[in-house]
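Chains as they are written, first to last, in numbering that gives the first Met the number 0: chain Y, 0 to 212; chain P, 0 to 212; chain E, 0 to 212; chain U, 0 to 212.
Keep in mind that the hints are not guaranteed to be accurate.
[As the list claims (entries may be wrong)] Listed next, the stretches of chain U that the computed footprint assigns to chain E, with coverage defined by at least 3 CB atoms under 8 Å from CB atoms of chain E: (1) 93-100; (2) 110-116; (3) 119-129; (4) 190-196.
Derived by calculation from the structure, the hints in this document are not laboratory data. Because the structure is a prediction, the values reported are computed rather than measured. For every residue, glycine included, the Cβ atom is placed at its ideal position computed from N, Cα and C.
4 protein chains.
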Amino acid sequence: MAEPGGHADDAAVLHRDEAGIEFSRIVAFSDGVFAIAITLLVLTLQIPSDAADLDSVLGKQHDDLFAYALSFAVIGKFWVSHHRFYGALDRFDNRLMWLNLLYLAWVALVPFSSDLLGNYGEEPVAVIIYAANMAGASLTFSIQIAYAYRRGLARDGATEQRRYAGPANYILGGVFLLSMPVALVNTFAAQAMWLLVFATGRRAADRLARIGA
Amino acid sequence: MAEPGGHADDAAVLHRDEAGIEFSRIVAFSDGVFAIAITLLVLTLQIPSDAADLDSVLGKQHDDLFAYALSFAVIGKFWVSHHRFYGALDRFDNRLMWLNLLYLAWVALVPFSSDLLGNYGEEPVAVIIYAANMAGASLTFSIQIAYAYRRGLARDGATEQRRYAGPANYILGGVFLLSMPVALVNTFAAQAMWLLVFATGRRAADRLARIGA
Amino acid sequence: MAEPGGHADDAAVLHRDEAGIEFSRIVAFSDGVFAIAITLLVLTLQIPSDAADLDSVLGKQHDDLFAYALSFAVIGKFWVSHHRFYGALDRFDNRLMWLNLLYLAWVALVPFSSDLLGNYGEEPVAVIIYAANMAGASLTFSIQIAYAYRRGLARDGATEQRRYAGPANYILGGVFLLSMPVALVNTFAAQAMWLLVFATGRRAADRLARIGA
Amino acid sequence: MAEPGGHADDAAVLHRDEAGIEFSRIVAFSDGVFAIAITLLVLTLQIPSDAADLDSVLGKQHDDLFAYALSFAVIGKFWVSHHRFYGALDRFDNRLMWLNLLYLAWVALVPFSSDLLGNYGEEPVAVIIYAANMAGASLTFSIQIAYAYRRGLARDGATEQRRYAGPANYILGGVFLLSMPVALVNTFAAQAMWLLVFATGRRAADRLARIGA
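One chain only, chain Y, in its complex shape:
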């Protein structure tokens, strides 16, 4: 018998109806990290230090703005997927909370990688770090999804996530991993791979899910 708060044991599984505040704290904390990470992206844009530099500094911000837009879209996408995934969950346990923290550690790194990409988008090392960050986030998210389904934390009948979000995230993570050696040869090609997977990923994954259904 699992009662809210009585989970001294790591194995205890709690239902969101029994432990409403506790379940919603997990998503609230996650939302906090997503919201802060996405809003800190603005700190990557540079304020010129004097009026003489104004036009030249602002004129060179197209890379920064590209990084801002890309990272906002990526964190936004992570958040939408997280929202969808937790919408399919009915229960949580201690290990899920730790897997979620592991995932959030990658999400919270994005403002750093994004700043690097905005400033040094033509340097292979910056592109590789950005791709590694995204691959880390995608793969730890997949692990979290796989764990939740194996442990039976999802609501009955919610099978779309397993069939769909899991594979979609492995594909996403795989493309980011693949783009890392590509960046050594051509940083532009690596970034084009990301945009491509971003533009087509949604549709491809939906098709996959429909074929499976």
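Start from chain Y and add chains P, E and U according to the hints.
Quick look at chains P, E and U alone, frame taken from chain Y:
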């Protein structure tokens, strides 16, 4: 049949009573972005680097304080409108979440534009960027409202938003767009336009709504 | 007839049971601002730029740590009072939301004033700015409380707030205002006044409330 | 008779079912501080100032990345414990809110100590400050737990927290205190102590709890 969490399909529409945590996550995430953006404005105020500069640096902060007050009021207004708009919604779908993210990307930019305006309020380029940021926020908010009504996401009988908030935001966005060429001629006149629409906008929109009712 | 979300009119008053998500968004947004402002205080502590300065920079941080502790306690106190005040409310309207935003604009300024105080605690201008910030917060909070009671937004029988929190905040604001001219003569005496009101304020106000009851 | 919001008296104890929004504001505010502190850790990573430094600066970030990972895990652990503790509570009073704020003041300091540790991990003073920060957080958390049980704020039958979390936190705090003199002799040994208690702490505490049960 739409069940919470079962929305693998983009077209799925969920009701806030079916998917309470999911609905409230959207507003919680939005509130997080609003709260962070509004609190990051304080970072635009400068701390003098040594005591000799204290009076001179603080004495020149009136522009920064004007930008802080203006941007706090503007983000506050955006938040109140967002609060009002989501109060009129009963349902959400995936596309609304993305339109909301697109809108929040403009809101999260405000600390940057505001810092620019506080430091370079007399330079046309800073005023134009600030106006473009506000126009972007107003117009993407209008799009979100229009979409929600077209898709029937609002609660029955909640027509004020459509008749009132939509047009009010187009007017707001239009004034910001208009102020951009004005800033090329006179930055002070452009900023006066913003204050004017801010001071009268509320009342004008209320009158519009009452005429329509 | 007031329905949630149907408040196009400024005069509309909504009850927290009718508009649960809307009521809780106001406190959630406020909590966000409080939490961010209190956590941004840490940015006022300085990281030495090289190991040679390590001991000397850290050794001179007692002023910064005093400012951190004081400001954490002050924002904490503001938050506890806000929590208590909204706990006594049953209803809200548009004007209360704006008065709350006006109050939060002062709360969000604290990291700036606190940084100034930590660096220049012996300069009258820094002490005066800190005191002005606190006086602004206290007085706008009093206005918010007075408005809510006059408009009948409090729950029936919740009279402690009116009899107690209102006057307590005027006293607090008054002491901060008084400390401003004192700072011109002696910055230490001004800061001692704050600590005194902080240490005794709670008890004095409780006594007041009990006399009134 | 305690009614929500009627708690002018410090001694008033409120139940989470009576004062739902008020109870959840405490955890929401705490979650906000945790989420912000954990996300601010990213600001401790350095962006090289020009492309020539790119490899050398990034190559020297292993200390920063160690500090990021350690501090993310530590704040994550604090959050999981806080989540578990508040899950066992049914009631709160004014003093608990202040003890919680005292605890959060230590949590919010972590980005500072972590930045120091990342930059000066071989200097005893940086290691000592980090350990002091963690000891302060652990011990004030223990005090909060002890207070809640003595005042009867926990739900009936929730005894695991008392038997388990309290002692576990004293052990954690004690190890951090002990590591402070060790750091004077060997900073590496001090950090190894932390990792050891982190890796074994969970299991040791669970064993303790099971023996007690």
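Hints and how they fare:
no., hint, result
1, 93-100, "holds (count 4)"
2, 110-116, "holds (count 4)"
3, 119-129, "holds (count 5)"
4, 190-196, "violated (count 0)"
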